[in-house]
Amino acid sequence: MPVRTCVVGVILVLLWVPSARGADESKATCLTCHPAQKDRVVASVHQALECRECHGGDESYAVPPQHLEQFARARGGPTPTFEHGASFTGKPRRKDLPAVCGGCHADVERMNPFGLRTDQLARYKVSGHGKALYGREDERVAVCTDCHGPPHAVLAADHPQSQTHPRNVPGTCGVCHEDRTLMNEYDLPVEVVSEYRQSVHGRLLLEQEDTGAPTCNTCHGNHSATPPGFATVGAVCGRCHAQEADLFASSAHGGLEDHGGCVACHGGGAERHFHLIERITTPVDVLTARYARLLATEPDPTPEQVAAAIDHDPRRIMTQALGVCTACHDALDEDENLPRLFALLDEIAGAELRYVQTAWRLDEVGRGVLLVENARFRFGDAKTHLIALAPLQHTLDQSLVTEKVSQIDDICDEVDGELDALEAGLRMRYWLLIPIWVVALCFCGFLYLKFRALKAAWVRPVDAATSAPTSADEPPTRRAFFNWVIGASSAAVGVAMGLPAVLYLWPAAKGGGSANVEVPGAANLPPGRSTMIQVEGKPVIVVRQPSGFRAFSAACTHLGCLVKWDADKGEFLCPCHAAVFDKDGGVVSGPPPSPLPEYSVKEVGDQVFVSAS
Amino acid sequence: MGLANRITTFFGTRFDLDAGREFLDKQIHKRLPPHTSWLHVFASLSLLLFISQTVTGILLLMYYRPTPEEAHASIKYITGEAHFGWLFRQIHAWGASLMILFVVLHMMRTFFAGAYKKPRELTWITGTGLFVITIIFGFTGYLLPWNQVAFWATTVGTESANKVPVIGSWLQYFLRGGDAVTGETLSRFFVVHVIILPWILAGLVGVHLFLMRLNNLATLERVGEEKPFPHQCGIPFYPVHVAKEGAVAVLLLAVLVTLSVVAPWGIGEPADPLSTPEHIKPEWYFLPSYQLLKYFEGPYGAVVGILACSVPFILLIVWPFLDRGKERHPKKRPLAVGIGLLGAVAALFLGVLGHISETDQTFFGKRYHIDLLGRPHLIDENRSGEEVPGEHP
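Just so you know, the protein sequences line up as chains A and B, in that order.
Note that this note's numbering has the first sequence beginning at -5, numbered continuously upward.
Note that this note's numbering has the second sequence beginning at 9, numbered continuously upward.
Fair warning: there could be bad hints in the mix.
Said to hold, decoys possible - Here are the computed lysine to any residue pairs in the SDA-like style, where the Cα-Cα straight-line distance is at most 25 Å:
id, chain 1, residue 1, chain 2, residue 2
1, B, Lys38, B, Leu219
2, B, Lys374, A, Val456
3, B, Lys289, A, Ser393
4, A, Lys32, A, Ser121
5, A, Lys449, A, Ile428
6, A, Lys449, B, Thr118
7, B, Lys289, A, Tyr285
8, B, Lys340, B, Thr227
9, B, Lys340, A, Val456
10, A, Lys449, B, Lys289
11, A, Lys449, B, Phe237
12, A, Lys377, A, Ser393
13, A, Lys449, B, His239
14, B, Lys235, B, Asn224
Said to hold, decoys possible - Per label pair, the in silico range of CB-to-CB distance:
id, chain 1, residue 1, chain 2, residue 2, range
15, B, Tyr308, A, Pro72, 23 to 33 Å
16, A, Val489, B, Pro320, 42 to 52 Å
17, B, Val164, A, Arg161, 29 to 39 Å
18, B, Phe357, A, Glu530, 50 to 60 Å
19, A, Asp252, B, Ala81, 52 to 62 Å
20, B, Thr367, A, Gly317, 37 to 47 Å
21, B, Val319, A, Val489, 46 to 56 Å
22, B, Trp207, A, Ala474, 51 to 61 Å
23, A, Ala474, B, Phe371, 57 to 67 Å
Hints listed in this document are in silico derivations from the structure and should not be mistaken for laboratory results.
All values reported here derive from a predicted model rather than from experimental measurement.
Note that beta-carbon positions come from the ideal geometry of N, C-alpha and C, so glycine has one too.
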């Protein structure tokens, strides 16, 4: 009996082993035969997906063992194809791809945990790509995998290697849109991507790696032709340049029926390249660089040299270089609108130059020996105004521009004035040199004369060594005078060197008068309690008494130990010699010679301020 | 009995004042050789500058704070707010340069006058030590304002320590107190500058002066054939020589103040370890070495370069033992004087090259760009300058 049990047991185990192995392999199904896809899927955003979610197939489907054997035998050669089960759909066809992806991506419930939008499929259908795919059954247009990467290796858009990362988008779109043969068939321009790369946006994104700069889909929409809220692509500039768009709309240009939009001026000149978006005037940092370059070779340039080096004449750029204005307006002499526009542009250019010059001077002086912190702080406002000035030119309204420009000018005047004053102070030191050299030269001269006299008196010439001393000592009156001068000069030099040293060691007064110091958390201080703050470096104890906040010097008038507030007794106690002050600071007992000085307290709303006065 | 008498009596009954007075008298009235010239004042001017550096240095220490966070701000405070702080900082900065200048001039006089020869070899060697310490003073002090130039000059300067054979990387790590120039570097440079070096310098100056006093100043006579000069012909150190030095010293002080007012050293921008400013160059006294190092490239070249830079210093130290000729007069020592002149001209030439390298200069009405190695390249005026990125065409 035990033998039979054992035999049955062994047989059962033997039977179970192959079936168990089969079950294992059928579970690892797809990847057993398609290992190459495994690594790509694992590195992609879709790592948690199962194969059948895109390719169909039944969960309970197991690959028959003979298929596996056949597959194994064929390794290296052509692999046999198998029936993968009833519901298996295989590799999706191109025109089905949007629907396959949309199976999940248009499903609100599926996408909700990932915070992804679910209107991509719907938007794709109304895009140029989608219309061609579904309307004309043109399968050459982009489908999901063309932009989002190989089907098994889709990466999140913020992954630096993703084809849809902002910096990679121009290249991704360029695969088709820079393909001349393909674009010719659709009668589409092939320069769009290269023009974008040269544009201000392209340089910002691709050269300066500013991922906030717009890339193709910023204006053309992620899946549809325009981003939500815009009728045409041409109108999307205001999405980022909101202020400019509003100001432009309110201007004379904006009121025109066919004003041509932003690209009329910013589209790379008169021929209007929609992707070659460019600033028209030169950015301030470039002007600053040009100015600095000029100053490096020419420390004191004339206005003409500055103008030539800065090369910042909007009039020339708008007419000759880019032909922006002349594209619509007639010859310069005959159009009465142009002079007004140029007056406005000249004013802006003047303000920019002024800003650049003052900024440079501020930096230059700051690198020297003067403290320019106050001026620099004030100059920050000029920058704010300058940033606001650029959009204002879209209004074509001279008065608005003039107002802004005068604000910038005022600040520059103020800063220049402060720098002038500082430099004048520096030049005052030159006057110091006059008395110093007068004393030094006199002193030096007298010491030299003294040296000659002493030498004559003390030293016998070598060739006369054997003879008697040639000269007697200098006359007593002259010697007394010399000694007096030298003594006085020594005293002058001693004072001149010693006095500054003493003054230097004397702590420099802190300017600013008595500052108001806010008591932190005053509103939450319970009645009868105290807190300690510092006012101008001195300890102050603030007590919330029934009558309101009161502040006293916390330094005991005896030997400067810090007093404590005894909330129960309503007294100040000094821990050093057990002195007691009453709630008004008066001495109750102990050695202190005088009451605690009181500080003034101001209550503004919930805030409490203490000051020395 | 007057107060002075009472004090004299107090000390006189306790110490042998007469012996002391006699010793002092002998010392301060010691007669220097009759030919003692105006060129001899370079030495005392160096000493005067050391004293000035000590006094101004102590004054600066009152407000200076040696941390990366506070160093630059404290320099600003000294320069802009403390009364006369600018003056003391400028005198300290200019004094450093002038001190090195006068030490070099003093060494040159000693060299060309053959004063290093027997029996004064040790005086010369301690003098060379003083020269090296003065330079280290300059190097360590340069970092303390913690501005961009200071930070990057120190980074570049300590980087070259890396090229020293075998121990280079350890040496650099040790000098910087870490892998890069940081607050640790500032701390150790500060300690070396204000604690260690002043005492070493003061001690060495003491030995140097003692040796100088012991052997008196050298004459131009042949070694071993010096004739003692008649006592009456010698120049008493006090009051005669002192009056002469005083006259020059007063001028030096005036020059120092003038330089401080006319060409003040800027505060500069605070050190930024993440941005290297353009055209970083060391102080003038490092320019010859700086330029020389550029001609040696590659891992072996760099090592050779460091060795080449240390050769002049080694030569200076061992020179008294190499040049054992009896002659002192420069006209009778053509080889030594030739080598000395060659060294001085080479240093000057390399220094000037280092100064103008990587700049544009005008010679005879034409603009030249001087490259890294000091080679001039004619600038084509018709070619436009470099384009600024983002510039509109």
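TODO: Of all the hints given earlier, name the ones this structure violates by number, lowest first.
DONE: 2, 3, 4, 5, 10, 15 and 22
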